[in-house]
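Asker: If you read the sequences in order, they're chains A and B.
Counted from 1, the first sequence has number 8 at position 6 by the numbering used here; the numbering is strictly sequential.
Counted from 1, the second sequence has number 72 at position 73 by the numbering used here; the numbering is strictly sequential.
Hint data in this document are derived by calculation from the structure and do not stem from the laboratory.
Mixed in with the good hints, there may be bad ones.
Heads up, simulated DSS-like pairs for lysine-lysine below, C-alpha to C-alpha not over 27 Å straight-line [claimed, not checked]:
{"no.": "1", "chain 1": "B", "residue 1": "Lys165", "chain 2": "A", "residue 2": "Lys199"}
{"no.": "2", "chain 1": "B", "residue 1": "Lys144", "chain 2": "A", "residue 2": "Lys284"}
{"no.": "3", "chain 1": "A", "residue 1": "Lys410", "chain 2": "B", "residue 2": "Lys165"}
{"no.": "4", "chain 1": "B", "residue 1": "Lys177", "chain 2": "A", "residue 2": "Lys221"}
{"no.": "5", "chain 1": "A", "residue 1": "Lys128", "chain 2": "A", "residue 2": "Lys92"}
{"no.": "6", "chain 1": "A", "residue 1": "Lys242", "chain 2": "B", "residue 2": "Lys115"}
{"no.": "7", "chain 1": "B", "residue 1": "Lys144", "chain 2": "A", "residue 2": "Lys354"}
{"no.": "8", "chain 1": "A", "residue 1": "Lys242", "chain 2": "B", "residue 2": "Lys144"}
{"no.": "9", "chain 1": "A", "residue 1": "Lys310", "chain 2": "B", "residue 2": "Lys94"}
{"no.": "10", "chain 1": "B", "residue 1": "Lys165", "chain 2": "A", "residue 2": "Lys175"}
{"no.": "11", "chain 1": "A", "residue 1": "Lys242", "chain 2": "B", "residue 2": "Lys154"}
{"no.": "12", "chain 1": "B", "residue 1": "Lys154", "chain 2": "A", "residue 2": "Lys222"}
{"no.": "13", "chain 1": "B", "residue 1": "Lys154", "chain 2": "B", "residue 2": "Lys94"}
{"no.": "14", "chain 1": "A", "residue 1": "Lys284", "chain 2": "A", "residue 2": "Lys242"}
{"no.": "15", "chain 1": "B", "residue 1": "Lys154", "chain 2": "A", "residue 2": "Lys284"}
{"no.": "16", "chain 1": "A", "residue 1": "Lys410", "chain 2": "B", "residue 2": "Lys81"}
{"no.": "17", "chain 1": "B", "residue 1": "Lys115", "chain 2": "A", "residue 2": "Lys221"}
{"no.": "18", "chain 1": "B", "residue 1": "Lys154", "chain 2": "A", "residue 2": "Lys280"}
{"no.": "19", "chain 1": "B", "residue 1": "Lys73", "chain 2": "A", "residue 2": "Lys222"}
{"no.": "20", "chain 1": "B", "residue 1": "Lys144", "chain 2": "A", "residue 2": "Lys199"}
{"no.": "21", "chain 1": "B", "residue 1": "Lys177", "chain 2": "A", "residue 2": "Lys310"}
{"no.": "22", "chain 1": "A", "residue 1": "Lys410", "chain 2": "A", "residue 2": "Lys175"}
{"no.": "23", "chain 1": "A", "residue 1": "Lys221", "chain 2": "A", "residue 2": "Lys175"}
{"no.": "24", "chain 1": "B", "residue 1": "Lys165", "chain 2": "A", "residue 2": "Lys222"}
{"no.": "25", "chain 1": "A", "residue 1": "Lys354", "chain 2": "A", "residue 2": "Lys410"}
{"no.": "26", "chain 1": "A", "residue 1": "Lys310", "chain 2": "B", "residue 2": "Lys165"}
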Amino acid sequence: MDIFKKTISLVVLSLSLCLASTANAALEIEISGGSAQQVPVAIVPFAHATTANQENISAIISADLHHSGLFRVLEIGGVVSRPSDIAQIKYSEWSALQAQAMVVGIVETLSGNRLKVTFELADVLKQTQLTGMQYNIAPNQLRATAHKIADEIYQKLTGETGIFASRIAYINKSNGRYALRIADVDGANPLTMVSSKEPIISPSWSPDGSKIAYVSFEKKKPIIFVQSLAGQRTVLANFKGNNSAPAWAPDGEKLAIVLTYGANSQVYTINADGSGLKQITKSSAIDTEPTWSADGLWIYFSSDRGGKPQIYKVSSSGGEPQRVTFEGAYNVSPRFSPDGKSLAMIRNDGGKFRVALQDLASGQVQILSEGSQDESPSFAPNGRVLLYATRTGGHGALAAVSVDGRVKQSLNESGGDIREPAWGPLQH
Amino acid sequence: MNKTIWNTKLLCGLALAVLLSACKSTPMVEKPASVVDKSPSTQSAAMPASAADTSAIKELNVDGNATTGNNPLKDPSNILSKRNIYFDFDSDAVKAEFRPMVEAHAKYLIAHTGAKVVLQGNTDVRGTREYNLSLGQRRSVAVKKALNLLGVQDKQIETVSFGEEKATEACADEACSKTNRRVDIVYENE
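Whenever a hint applies, use it, and build me the whole structure from the sequences.
Answerer: And the structure:
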């Protein structure tokens with residue numbers, strides 16, 4: 003292909019794709035702060051050997067890496083060359099930009115309406131390839147593939163698992179209607195799973211990411227439903243009184259739920275098919291918001307059995323609960339980090355409800371958020387980021403903070419309140 | 000019949016205690032209801048448009064209105080139409096000012112063993128949604144216990160909570176937040 007022609011088509015493509023992706027993205031992400039040592043990365047626009055309408059892969063990769071706060075995506079307008087594989091890289095041009103790593107790639111058309119996406123990650127200083135991958139995909143998988151590439155880059159450069167290919171669930175409230183939505187973690191491809199004129203709260207992902215349990219008030223009382231991403235919906239718990247706070251066990255076989263019958267909230271476990279109901283806590287106080295330890299042996303929950311709400315733990319087969327939090331007069335909504343080493347919670351910090359993170363070994367607590375009505379903390383699958391609900395400008399929004407408190411993001415959806423975020427597991 | 004209705008209205012205007020005993024004697028509410036159920040359909044089916052028929056319908060309509068007007072649960076001058084019990088911040092104590100209302104509903108439920116109520120607890124927006132759901136439940140349980148103590152059976156009561164889900168979100172002051180902290184008494188099929 004003539005190089006000049008190729009460049010023109012690339013520019014046209016990039017423009018139309020940017021517009022398309024802006025129009026599609028319901029959640030808008032803003033980032034503030036950043037890691038102290040951001041890795042400078044140059045991301046060269048992928049060569050597109052096709053004219054089909056498609057996603058701008060390099061823009062998606064750039065946005066993903068930028069949002070993590072761990073990378074500084076370099077402005078490369080001053081460099082003329084646009085290598086699409088490692089052999090074409092003139093390293094001196096990129097080391098002059100102080101790039102430590104760079105990404106190159108190409109999208110090619112295969113027969114049968116398939117695309118071949120190739121990318122390589124280069125170490126600019128050592129002038130070597132760090133990793134490279136090829137994907138044979140359908141055209142509608144380009145965006146997902148871009149997230150996978152961003153995950154590969156993230157993993158190679160940080161040594162940790164990437165999260166860009168994961169999804170989030172949340173509740174949108176607009177025009178008096180409530181909708182349970184799932185979207186890519188960058189806010190793209192929002193999809194409504196269920197909507198109702200009555201509230202929906204507490205979405206919880208099954209560990210395999212195929213189902214979401216949630217609480218719907220559509221029958222004028224809280225009832226727990228389980229719905230597959232394919233759309234199949236069943237009632238998990240509809241007992242007398244309230245049915246709420248579903249939390250999947252790590253093995254996906256059971257859920258912890260909260261029932262009341264005619265009294266205060268108590269924690270139960272129930273099989274995912276609705277059988278085998280078992281009462282776990284037995285108190286006259288409030289016991290709610292159960293969450294499982296990563297090994298499935300413990301259920302942590304919030305309770306006011308000691309007067310003020312604090313976090314307790316109980317064996318997941320039942321037994322005598324033990325108090326976990328002692329500092330502060332209001333600690334609720336416990337959530338385990340994926341490595342099981344820390345516990346996120348909501349703390350009433352002088353009248354302001356904020357996300358706090360407790361190191362379980364040392365007991366040390368760090369307040370991570372800055373709002374006054376922050377709630378529903380949810381860990382990224384790699385444990386590096388906490389997503390939570392907050393209020394800004396009189397409406398509900400989502401925010402995310404890195405567990406070291408350095409990187410903050412806000413996610414807004416135009417024309418609605420969004421709340422109750424739940425970060426889904428990694429899709430394999 | 001008319002006399003009974005008048006008596007009820009009068010009594011309602013007079014004193015709560017008297018009213019409650021009047022509400023207890025409810026046959027006069029049920030009788031017109033049964034007339035409404037049966038007569039219009041048979042009459043209109045048997046007799047097509049005539050002057051007599053029209054007046055009969057009018058009368059039945061009046062009866063129908065009278066029934067609604069004297070349904071103690073709906074009558075605005077009857078304490079049973081009062082359904083909201085308000086709470087102090089972080090409290091589930093049923094305050095003394097709501098005792099007469101709770102007692103009236105207890106008496107009604109005892110007299111009407113087929114009647115069922117749902118007690119819907121609510122909170123203001125401070126705190127987390129699930130915890131507030133439990134706090135709202137604690138309030139509905141407090142009202143249930145008050146009804147139980149007055150002799151109402153468990154099978155007539157369901158306690159549920161909306162937590163903060165029905166709360167006015169943009170409350171600027173305590174007067175507004177206060178209206179969010181309440182239990183609503185809702186009768187079955189209302």
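Asker: Are Lys128 of chain A and Lys92 of chain A close enough, with their CA atoms no more than 27 Å apart?
Answerer: Judged against 27 Å, a Cα distance of about 13 Å means the pair holds.
Asker: Could you grab the alpha-carbon distance between Lys144 of chain B and Lys354 of chain A and see if it respects the 27 Å cut-off?
Answerer: violated, 33 Å
Asker: Is the Cα-Cα distance between Lys154 of chain B and Lys222 of chain A 27 Å or less?
Answerer: holds, 18 Å
Asker: Are the Cα positions of Lys310 of chain A and Lys165 of chain B separated by 27 Å at most?
Answerer: holds, 24 Å
Asker: Would the hint linking Lys165 of chain B and Lys199 of chain A be met if the CA-CA limit is 27 Å?
Answerer: holds, 12 Å
Asker: Keeping to a limit of 27 Å between CA atoms, is the pair of Lys221 of chain A and Lys175 of chain A held or broken?
Answerer: holds, 18 Å
Asker: Decide if the proposed pair is consistent with the structure: Lys410 of chain A and Lys81 of chain B, CA atoms, cutoff 27 Å inclusive.
Answerer: The hint is violated at about 48 Å.
Asker: Regarding the pair Lys310 of chain A and Lys94 of chain B, is the alpha-carbon distance no greater than 27 Å?
Answerer: Status holds; Cα separation ~22 Å.
Asker: Given the hint that Lys154 of chain B pairs with Lys94 of chain B, test it: the Cα-Cα distance must not exceed 27 Å.
Answerer: holds, 25 Å
Asker: Sort out whether Lys310 of chain A lies within 27 Å of Lys177 of chain B, counting only the CA atoms.
Answerer: holds, 21 Å
Asker: Can you confirm whether the C-alpha distance between Lys115 of chain B and Lys221 of chain A stays at or below 27 Å?
Answerer: Holds, because 16 Å separates the two Cα atoms, which is no more than 27 Å.
Asker: Going straight from one Cα to the other, do Lys154 of chain B and Lys280 of chain A come out at no more than 27 Å?
Answerer: holds, 23 Å
Of the hints listed earlier, those the structure fails to meet are numbers 3, 7, 16, 20, in rising order.
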